[in-house]
Amino acid sequence: MDFNIEDVFRGEKKAVAHVLNLLEDRRPASLEQNKALIEKLSNNARPSRHVIGITGPPGVGKSSLMTHIIREYRSRGKTVGVITVDPSSQRSGGALLGDRARIVHDPNDEGVFLRSMAAGSHMGGLAWRTRHCLTVFEAVYDIIIIETVGVGQSETEIDQVAGTVAFIVQPGSGDILQFMKAGVMEIPHVLVVNKADQKALAARARNDLMVARTYSQSALEGWELQLVMTSALEGWGHKELIDVLERHNMFLSEKGILETFRRRKRIEWVIMLFRERFGAFGFEVLGGEEKVRKMIARGDINNPLERLQALEKKVFCNRLPQRAQR
Amino acid sequence: MATSADHPKDRPWLMRAYSGYASAKESNLLYRANLAKGQTGLSIAFDLPTQMAYDSDHILAKGEVGKVGVPVRDHEDMELLFDQIPIEKMNTSMTVNASTAWVIALYVAAAQKQGADISKLRGTTQNDIVKEYLSRGTYIFPPKASMRLTSEVISYTVNQIPKWNPINICSYHLQEAGATPVQETAFTLANAMGVLDAVKESGHVKKEHFPNVVGRISFFLNAGIRFIEELCKVRVFTKMWDRICEERYGVSDPKMRRFRYGVQVNSLGLTSQQPENNIARIIYEFLGVVLSKDARARSVQLPAWNEALGLPRKWDQQWSLRLQQIMAFETDLLEYDDIFAGSKVIERKENELEEEARAEIDRIQEMGGIVPVLESGYMKQQLVESNTRKLRQIESGEKVVVGVNRFEEAEPSPLTADEEGSFYVVDDSVEAEQIGILENFRLRREKEQVARALDHLREGIEKGKNIVELSIECARSGVTTGEWGKTMREIFGEYRAPTGVSLVASDIPQTGEAGKVNERVRKLNDKLGRNLKILIGKPGLDGHSNGAEQIAVKARDVGMEVVYEGIRLTPEQIAESAMQEGVHIIGLSILSGSHLDLMPEIVRNMKKRGLADIPLVVGGIIPEADMKKMYHAGVKKIYTPKDFNLNDIMNGIIDVVAQAHHVEL
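As given, the protein sequences belong to chains H and A, one line each in that order.
Under my numbering, think of the first position of the first sequence as 8, with each following residue one higher.
Under my numbering, think of the first position of the second sequence as -2, with each following residue one higher.
Simulated from the structure, these hints should not be mistaken for lab results.
Wrong hints could be hidden among the right ones.
Okay, the calculated beta carbon distance ranges per label pair [unchecked claim]:
hint, chain 1, residue 1, chain 2, residue 2, range
1, A, Asn642, H, Glu296, 25 to 31 Å
2, A, Ala429, H, Leu234, 54 to 60 Å
3, H, Gly286, A, Ser410, 56 to 62 Å
4, H, Ala317, A, Glu395, 55 to 61 Å
5, H, Trp243, A, Gln81, 49 to 55 Å
6, A, Asn642, H, Gln316, 42 to 48 Å
7, H, Gln40, A, Ala407, 54 to 60 Å
8, H, Gly66, A, Gly394, 32 to 38 Å
9, A, Val342, H, Pro65, 41 to 47 Å
10, H, Glu296, A, Glu395, 45 to 51 Å
11, H, Gly66, A, Gly247, 31 to 37 Å
12, H, Pro65, A, Ser116, 47 to 53 Å
So these bits of chain A aren't anywhere near chain H, every CB distance computed over 12 Å [what the hints assert, rightly or not]:
hint, residue
13, Asp80
14, Gly112
15, Met253
16, Glu372
17, Val398
18, Ile533
19, Arg553
20, Asn602
21, Glu661
Simulated crosslink set (SDA-like; lysine to any residue; CA at most 20 Å straight-line) [what the hints assert, rightly or not]:
hint, chain 1, residue 1, chain 2, residue 2
22, A, Lys524, H, Leu38
23, A, Lys524, H, Ser238
24, A, Lys605, H, Asp14
25, A, Lys605, H, Asp113
26, A, Lys524, H, Gln40
27, H, Lys246, A, Phe489
28, A, Lys520, H, Glu117
29, A, Lys524, H, Gly127
30, A, Lys141, H, Glu117
31, H, Lys272, H, Arg300
32, A, Lys513, H, Gln97
33, A, Lys483, H, Gln97
34, A, Lys520, H, Arg34
35, A, Lys605, H, Glu117
36, H, Lys42, H, Ile308
37, H, Lys20, A, Glu569
38, A, Lys524, H, Asp32
39, A, Lys605, A, His629
40, H, Lys42, A, Glu569
Small disclaimer: the values here were computed from a predicted structure and weren't measured.
Backbone N, C-alpha and C define an ideal beta-carbon position, used for all residues, glycine too.
Based on the sequences and whatever the hints tell you, model everything.
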């Protein structure tokens, strides 16, 4: 299919979908093309965009809540791109991407786009290509929501891509302490107790979260962890939630945190690309992950794919002499 | 021992047949003809739009109008259905669930117009929403709201129509969805407890009348081929229900604690290969629910031998009825007391089932009862898992299905020689005609009266008034089924139930075959540059999702990335999702017979989005004669219940994708 990049920027869904397919292509032959695409997309990122991470254990009603969140943003005149990430089976490589079925939305709405991704062999809560997809959405939509399943320490990558992270729990799950221990609680800016229609249990969950709040690190940046009660079932609380999300976005831009954050985000992207390509061996060749991170931070990182290529060369150069020494 | 024939003979069960016709007028003629022959009971099947509270011209009604039953959109349709039939004297059974409150309101309004005494009406509404979430898919509202509706139908009838059976709790569909006997027993009883608790909590029924509520609950069971176990299952049901009624609800009258149930023996297990063998299956399954006098079914409906092939004809149905009559009138079954009394073997099996079922009920109660458990997806996931296990056993040959995975060689059957003519086919012009009648009705009625009635409905519900009573006013005022549904959807919200699919644990490719399929997927992934991504879903209003779920789980297990879209998709949604998700292939499951209406629409919507090159595969009950048309519309592969080998289906999907991308594997 031929396409015009301008169609993508205009939000034509056919073109957006097509670019996503291209960027997901991992064959080496498509690297050059994708590099150019990423360049164009990055240069056209919407300055006012807001990337929100929504995470939480399975069964807390994330998808149902998403239905309300999308609807509310649309009624506020914002366009919304959603990426949902589900785990892949480590044995077969297969994945069930079941969220789409439960997020109710109008297929005719030009201002909403949903894409599901399988995490593949990548650990950390995102998929290998989530960041590529994100770059497209950042050039097209006002609000970008990344939904992941967060249950333990290994799924906390969400804060590397989302400016605002909301963590969803349900009452009576008894999981809250578990999450605190697991480190998930150090990440979110907003805590949401969904299914708060279960009154007594919800009050208890609220108390637990108040305690857990003291574990939060986001307070260090001058933002106090916010608590919101919602009921996707009865359809309330999501307006307040969005008010809080918008307040956090405002906070980010006023504090000037966004720029540093976006830069850090790109550094982590290159790290991820590098890991996908070379694994632990690559880091070893270049003297360790921290050293690689510093190398990346030193230069221009507008185009992570280009940075990857530069590092690629280094890996090949460094490898040869070592071999020769043996 | 009381085994001799000196007892008075036991009365036979009621012999039912399920019938549906495409319009109110046609159905009325059929009913009148049957009544003239001496039949006293009527059984009404409604089409899916009516069951889902949509009008015939709703976008999702396309291809479904008049398909599995009669469309009833307003009081005139209901009046026509009972034209020259005295409603007061009828015993009417209605298969309706999510929209029960509305349908019974139309029924009462029609009865009142005939001048009937409402308190004398007799009949049954299915009104069981739990199995809709778990298997049949014809639910509308969130579980809590649905339970309120169910409970208000019950309190309305107990107070106003005391002879009505307001609910028929179904385990039938749970077994179809994969339930083991233990799950079937536990989930069904937990369901009944949830319903009774809801009625009790509502306070709409006086305390001294509550035993009547308990006594009016009836059940609808399934009977599978392992008929000894099934026999034990119905005996355990009977025993456990008696105890629950006594202990939990304090019902002292044993008659009110009787486990009253009807049965349709399993039609999903019937095979299209050597279909004449199904007669044997039907008979053995039948044994399980009539042999034991203490737990005998009160009514039995036997499927036709050729149901796996298409809609049965009258002759096919007659054959099934004769099977029942031979059992009741020729054999000596009814002359004996319970022939299993004192059997140690049966008792042991019963104890085992009961113990496990009780543990499962306790688990559900611990999780907060039926509503939270439905919301959590727990039961659905359990069913999908059981079903996966069962299909795997059939595939591996561990579970024998004669004519399917063993003894497959067969002589040509004279019974199926003339397939084309052997099925009842719904007329294509029905939909347009029905929409015409509806539009005409909308023009004739008083618009202001309609608006006022809907306002009253809205306000009344908020104030906690009985929904059936409010709906009767709507019915009289000329509100249509779709308008009632829309208002209710605005009040209670529309629900999408957990699919249960994503919670099912992944399995190692079990046999060497599945492992090979996985290798092929990986190879294809490398060539495509992206992982093979498939969209699976169900277009139309039919919500029987078991097949689609099993394909989704299997596809995941052989390494595909599966976007599971669930049920009730419009052609537009399918095309749009395929585009946004960037899938390589679309797999659709269609069972309601609307495939010929839906396929061209789906293809058109895909072309509109430049997706003409994404291949489509379809699974479902597709008659041979329709296949050609489907292939012509652009479908690449069609799978019917004959194709039980899931690995073969997966290989087919891989081949189609490879071909579409000009890749050699």
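Do the hints match the structure? See the list:
no.: 1; hint: Asn642(A) <-> Glu296(H): 25 to 31 Å; verdict: violated, 47 Å
no.: 2; hint: Ala429(A) <-> Leu234(H): 54 to 60 Å; verdict: holds, 56 Å
no.: 3; hint: Gly286(H) <-> Ser410(A): 56 to 62 Å; verdict: holds, 60 Å
no.: 4; hint: Ala317(H) <-> Glu395(A): 55 to 61 Å; verdict: holds, 57 Å
no.: 5; hint: Trp243(H) <-> Gln81(A): 49 to 55 Å; verdict: holds, 51 Å
no.: 6; hint: Asn642(A) <-> Gln316(H): 42 to 48 Å; verdict: holds, 47 Å
no.: 7; hint: Gln40(H) <-> Ala407(A): 54 to 60 Å; verdict: holds, 56 Å
no.: 8; hint: Gly66(H) <-> Gly394(A): 32 to 38 Å; verdict: holds, 36 Å
no.: 9; hint: Val342(A) <-> Pro65(H): 41 to 47 Å; verdict: holds, 43 Å
no.: 10; hint: Glu296(H) <-> Glu395(A): 45 to 51 Å; verdict: holds, 49 Å
no.: 11; hint: Gly66(H) <-> Gly247(A): 31 to 37 Å; verdict: holds, 35 Å
no.: 12; hint: Pro65(H) <-> Ser116(A): 47 to 53 Å; verdict: holds, 50 Å
no.: 13; hint: Asp80; verdict: holds, 40 Å
no.: 14; hint: Gly112; verdict: holds, 43 Å
no.: 15; hint: Met253; verdict: holds, 33 Å
no.: 16; hint: Glu372; verdict: violated, 7 Å
no.: 17; hint: Val398; verdict: holds, 27 Å
no.: 18; hint: Ile533; verdict: violated, 10 Å
no.: 19; hint: Arg553; verdict: violated, 4 Å
no.: 20; hint: Asn602; verdict: violated, 9 Å
no.: 21; hint: Glu661; verdict: holds, 16 Å
no.: 22; hint: Lys524(A) <-> Leu38(H); verdict: holds, 15 Å
no.: 23; hint: Lys524(A) <-> Ser238(H); verdict: violated, 45 Å
no.: 24; hint: Lys605(A) <-> Asp14(H); verdict: holds, 16 Å
no.: 25; hint: Lys605(A) <-> Asp113(H); verdict: holds, 17 Å
no.: 26; hint: Lys524(A) <-> Gln40(H); verdict: holds, 18 Å
no.: 27; hint: Lys246(H) <-> Phe489(A); verdict: holds, 19 Å
no.: 28; hint: Lys520(A) <-> Glu117(H); verdict: violated, 36 Å
no.: 29; hint: Lys524(A) <-> Gly127(H); verdict: holds, 17 Å
no.: 30; hint: Lys141(A) <-> Glu117(H); verdict: violated, 33 Å
no.: 31; hint: Lys272(H) <-> Arg300(H); verdict: holds, 12 Å
no.: 32; hint: Lys513(A) <-> Gln97(H); verdict: holds, 17 Å
no.: 33; hint: Lys483(A) <-> Gln97(H); verdict: violated, 44 Å
no.: 34; hint: Lys520(A) <-> Arg34(H); verdict: holds, 13 Å
no.: 35; hint: Lys605(A) <-> Glu117(H); verdict: holds, 15 Å
no.: 36; hint: Lys42(H) <-> Ile308(H); verdict: holds, 12 Å
no.: 37; hint: Lys20(H) <-> Glu569(A); verdict: holds, 14 Å
no.: 38; hint: Lys524(A) <-> Asp32(H); verdict: holds, 10 Å
no.: 39; hint: Lys605(A) <-> His629(A); verdict: holds, 18 Å
no.: 40; hint: Lys42(H) <-> Glu569(A); verdict: violated, 33 Å
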